[in-house]
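J.: Given the coordinates of chain V, assemble chain P onto it according to the supplied hints.
Chains V and P, in that order, give the protein sequences. Per my numbering, the very first residue in the first sequence carries number 1; after that it's consecutive. Per my numbering, the very first residue in the second sequence carries number 1; after that it's consecutive.
Note that these hints are calculated values from the structure, not bench results. Owing to the predicted nature of the structure, the values given are computational and were not obtained by experimental measurement. There may be inaccurate statements among the hints.
As the list claims (entries may be wrong) - Quick list of the computed label-pair ranges, beta carbon to beta carbon: (1) P/Thr114 <-> V/Thr71: 23 to 29 angstroms; (2) V/Ser3 <-> P/Glu83: 24 to 30 angstroms; (3) P/Gly59 <-> V/Glu8: 30 to 36 angstroms; (4) V/Phe18 <-> P/Gln17: 48 to 54 angstroms.
Cβ coordinates follow ideal geometry from the N, Cα and C atoms, glycine included.
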Amino acid sequence: GNSVTQMEGPVTLSEEAFLTINCTYTATGYPSLFWYVQYPGEGLQLLLKATKADDKGSNKGFEATYRKETTSFHLEKGSVQVSDSAVYFCALSDPNTGNQFYFGTGTSLTVIP
Amino acid sequence: DARVTQTPRHKVTEMGQEVTMRCQPILGHNTVFWYRQTMMQGLELLAYFRNRAPLDDSGMPKDRFSAEMPDATLATLKIQPSEPRDSAVYFCASGFGVRAHEQYFGPGTRLTVT
Numbered sequence: 001g002n003s004v005t006q007m008e009g010p011v012t013l014s015e016e017a018f019l020t021i022n023c024t025y026t027a028t029g030y031p032s033l034f035w036y037v038q039y040p041g042e043g044l045q046l047l048l049k050a051t052k053a054d055d056k057g058s059n060k061g062f063e064a065t066y067r068k069e070t071t072s073f074h075l076e077k078g079s080v081q082v083s084d085s086a087v088y089f090c091a092l093s094d095p096n097t098g099n100q101f102y103f104g105t106g107t108s109l110t111v112i113p
Numbered sequence: 001d002a003r004v005t006q007t008p009r010h011k012v013t014e015m016g017q018e019v020t021m022r023c024q025p026i027l028g029h030n031t032v033f034w035y036r037q038t039m040m041q042g043l044e045l046l047a048y049f050r051n052r053a054p055l056d057d058s059g060m061p062k063d064r065f066s067a068e069m070p071d072a073t074l075a076t077l078k079i080q081p082s083e084p085r086d087s088a089v090y091f092c093a094s095g096f097g098v099r100a101h102e103q104y105f106g107p108g109t110r111l112t113v114t
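Just chain V, same shape as in the assembly:
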């Protein structure tokens, strides 16, 4: 079946530190992969995506590369800011149905000045 496993949190970093949030997946086919971000009191927002192997998604300084060989889609940012404090969700969409999304449990990030 399909599933997403992401790094347990919470993660606390100092401003300008390097961020990695690990995400691995299990899928029956060739999924599309996503990172969503949820700020306090808000819904999830799409941060970036990759639809095929070796694609790199990027947005707002965040990057993630779709690695089929390691079934991973780790989120990285070279220098985090206080405003990046949020919960980050890794997700995949099942290509067989095209509609079914599978979300990870979320990783809470707090960036301190």
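T.: Frame of chain V; chain P shown alone:
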């Protein structure tokens, strides 16, 4: 700036009462999803629709929950009767196309059942 809207944003009700949550998807989107978020379970898919037809509602407790799309601009999620364990944030999301690769989430309805 097109957004998914949800009403109400907050709802406090007593056990046994009916609760109705509403969602207006982004105009032109043909896929609508309902999710529930709790600290214990995380984000759970309850149901989703494409072109107003329900495609999957296996995540929903059928005895008390129901989801409908009376028209393309309105999706509803009802709980009757509500129970304290239904307390959660309920999100609606919409997307476009068969694959609906990108889902756009509403701000959520925070439900508290006492």
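J.: None of the hints should be skipped; say for each whether it holds.
T.: Now for the hints, and whether the structure bears them out:
no.	hint	verdict
1	P/Thr114 <-> V/Thr71: 23 to 29 angstroms	violated (44 angstroms)
2	V/Ser3 <-> P/Glu83: 24 to 30 angstroms	holds (28 angstroms)
3	P/Gly59 <-> V/Glu8: 30 to 36 angstroms	violated (24 angstroms)
4	V/Phe18 <-> P/Gln17: 48 to 54 angstroms	holds (49 angstroms)
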